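Taken in sequence, the protein lines are chains A and B. Using this note's numbering, read the first sequence as starting at 1 and increasing by one per residue. Using this note's numbering, read the second sequence as starting at 186 and increasing by one per residue.
FYI, nobody ran anything at the bench for these hints, they're computed from the structure. Heads up, some of the hints might be wrong.
Said to hold, decoys possible - Chain B is nowhere near these chain A residues, computed Cβ spacing over 10 Å in every case: (1) Thr11; (2) Gln23; (3) Ala68.
To be verified - Cut-off 35 Å, straight-line C-alpha distance, at most; resulting in silico cross-link-like pairs (DSBU-like, lysine-lysine): (4) Lys462(B) / Lys69(A); (5) Lys355(B) / Lys138(A); (6) Lys138(A) / Lys185(A); (7) Lys220(B) / Lys4(A); (8) Lys294(B) / Lys304(B); (9) Lys220(B) / Lys56(A); (10) Lys362(B) / Lys185(A); (11) Lys185(A) / Lys462(B); (12) Lys220(B) / Lys113(A); (13) Lys411(B) / Lys39(A); (14) Lys138(A) / Lys411(B); (15) Lys235(B) / Lys119(A); (16) Lys56(A) / Lys355(B); (17) Lys119(A) / Lys384(B); (18) Lys363(B) / Lys113(A); (19) Lys363(B) / Lys4(A); (20) Lys462(B) / Lys235(B).
Remember, it's a predicted structure, so these values are computed and weren't measured experimentally. We put the CB at the ideal spot given by N, CA and C, even for glycine.
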Amino acid sequence: MATKYIRTPLTDAEVSDLRAGDQVFLSGVIYAARDTAHKRLIALLDQGAALPVDLKGQVIYYVGPAPAKPGQAIGSAGPTTSGRMDPYTPRLIGEAGLKGMIGKGSRSPEVKKAIVDHKAVYLAAVGGAGALIARSIKRAEVVAYPELGPEAILALEVDNFPATVINDCYGADLYEEAIARYACK
Amino acid sequence: MARTITCSQITAAVEQLCREANYYLGEDVRQSLEKALAREVSPPGREVLKQLLDNATIAATEEVPICQDTGVAVIFLELGQDVRIEGGYLYDAINAGVARGYTGGYLRKSMVYPPVDGKNSGDNTPAIIHTRIVPGDHLTITVAPKGGGSENMSAVGMLTPAAGYEGVKKFVVETVKKAGPNPCPPIVVGVGIGGNFEKCALLAKEALLRPLGQPHPREEIAALEKEILEAINCLGIGPQGFGGRVTALAVHIEIYARHIASFPVAVNIQCHAARHKSVTL
Chain A
1 MATKYIRTPL TDAEVSDLRA GDQVFLSGVI YAARDTAHKR LIALLDQGAA
51 LPVDLKGQVI YYVGPAPAKP GQAIGSAGPT TSGRMDPYTP RLIGEAGLKG
101 MIGKGSRSPE VKKAIVDHKA VYLAAVGGAG ALIARSIKRA EVVAYPELGP
151 EAILALEVDN FPATVINDCY GADLYEEAIA RYACK
Chain B
186 MARTITCSQI TAAVEQLCRE ANYYLGEDVR QSLEKALARE VSPPGREVLK
236 QLLDNATIAA TEEVPICQDT GVAVIFLELG QDVRIEGGYL YDAINAGVAR
286 GYTGGYLRKS MVYPPVDGKN SGDNTPAIIH TRIVPGDHLT ITVAPKGGGS
336 ENMSAVGMLT PAAGYEGVKK FVVETVKKAG PNPCPPIVVG VGIGGNFEKC
386 ALLAKEALLR PLGQPHPREE IAALEKEILE AINCLGIGPQ GFGGRVTALA
436 VHIEIYARHI ASFPVAVNIQ CHAARHKSVT L
């Protein structure tokens, strides 16, 4: 377990340096997207059409933020449950070059396989800490699907966004390791 | 003698409760998190608990939502039978309060209708309203925003009477184990036992309104609460699933009479942000 400071977009080398359990502070631009946006992105891949944002080397944060108060860059912005994005994620990694995902909760075997096969990484932010996390988000801009409201795709400029590596590109899973370590015998 | 309460009073009260429930974590929850921090042995788990406590302070200070999932507006009414509602329809007054609270309070709007391929209402209506008629001339309103993540991990089991309390324990622990890191542990577990299908689910939600750690008044139910909490915390899931001894902050059970052939049990999982606020008019 180590502390790493990294910037987006991510490279194979950077992702290879991350291990399950590492504490990561992320800076640069990441994209907010969740259920409905993912569905639309996959529909575009099906049509062979261009995506509204270039996801190569990029990180998607699974978040539907609260509205910003005047003077705020973004409202409370903690992670949503990542498993709902599992049906869409392997193709975004394999075909669109998505490199990192931030959310909370377990991922499917298919997603974990895509992470290993394509050198990606899945991180968790603390669920229920949306007010704290919002402080690390300096700017938020709608870049696609504004009609979706809290489910629009946003470009987020983040500075030392706190996250923990759950699934690394070697196949390790922090959630599974944690239970093995702390369950009563 | 009827006592009059106006729709505008109700709307104003609900508006305020929506904001307060989302900005201010209850003192019982904060204390429970602090005790959890003292008890937790896992370093990543402790770090999570510190972040959650910091988060609660930021939310209260800045008056921003504790969590971006500001929830379905679940509303419990205890309506005195000697109350007369004046100025319109009670449920419209409540929904007007929800719309104003979520809009003016910069809370996220999360209600979509119809449930498949529907459109967001844009103001977080309709609320889900549960009403109980009680003696007296007061109206007590409780707003309990319920997040989607923990709600999705909840379950109802139609057990048989032969299952007994051991069967209840097994069903609850299995439900929590299956939920794993998804509902943002540490969690609060509401359990309903008895009634029928819909009653046991409502009991489980009502159980979440009890101050954290307050045991059930019946001795054998209080013992069951304690036993189930210990079993859950033996799972090792820990805060956020990062590992640890505190997977749940509390288990609360509510009970009701049942049909001789049935033994319904509901598990309503609540994330650690066990949000609710009440007012009596």
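*asked:* Lys220(B) and Lys4(A) were given as a pair; does the straight-line alpha-carbon distance stay at or below 35 Å?
replied: holds (30 Å)
*Are the Cα positions of Lys220(B) and Lys56(A) separated by 35 Å at most?*
Roughly 44 Å between the alpha carbons, so the hint for Lys220(B) and Lys56(A) is violated.
*Going straight from one Cα to the other, do Lys138(A) and Lys185(A) come out at no more than 35 Å?*
violated (45 Å)
*Measure nothing beyond the straight line between the CA atoms of Lys363(B) and Lys113(A); if it is 35 Å or shorter, mark the hint as holding.*
Holds, because 21 Å separates the two Cα atoms, which is no more than 35 Å.
_Lys235(B) paired with Lys119(A) [C-alpha distance capped at 35 Å]_ = Within the cut-off at roughly 32 Å; holds.
*Verify the proposed pairing of Lys185(A) with Lys462(B), using a straight-line Cα cut of 35 Å.*
violated (40 Å)
*Given hint Lys235(B) paired with Lys462(B) - CA-CA distance at most 35 Å*: Cα-Cα ~24 Å, so holds.
*Regarding the pair Lys138(A) and Lys411(B), is the alpha-carbon distance no greater than 35 Å?*
violated (44 Å)
*Does Lys220(B) pair with Lys113(A) here, judged by a C-alpha cut-off of 35 Å?*
violated (39 Å)
*asked:* Would the hint linking Lys355(B) and Lys138(A) be met if the CA-CA limit is 35 Å?
replied: violated (46 Å)
*Could you grab the alpha-carbon distance between Lys411(B) and Lys39(A) and see if it respects the 35 Å cut-off?*
violated (43 Å)
*asked:* If I take the minimum Cβ distance from Ala68(A) to any residue of chain B, is it greater than 10 Å?
replied: violated (7 Å)
In the structure shown, a violation is registered for the earlier hints numbered 2, 3, 5, 6, 9, 11, 12, 13, 14, 16 and 17, in ascending order.
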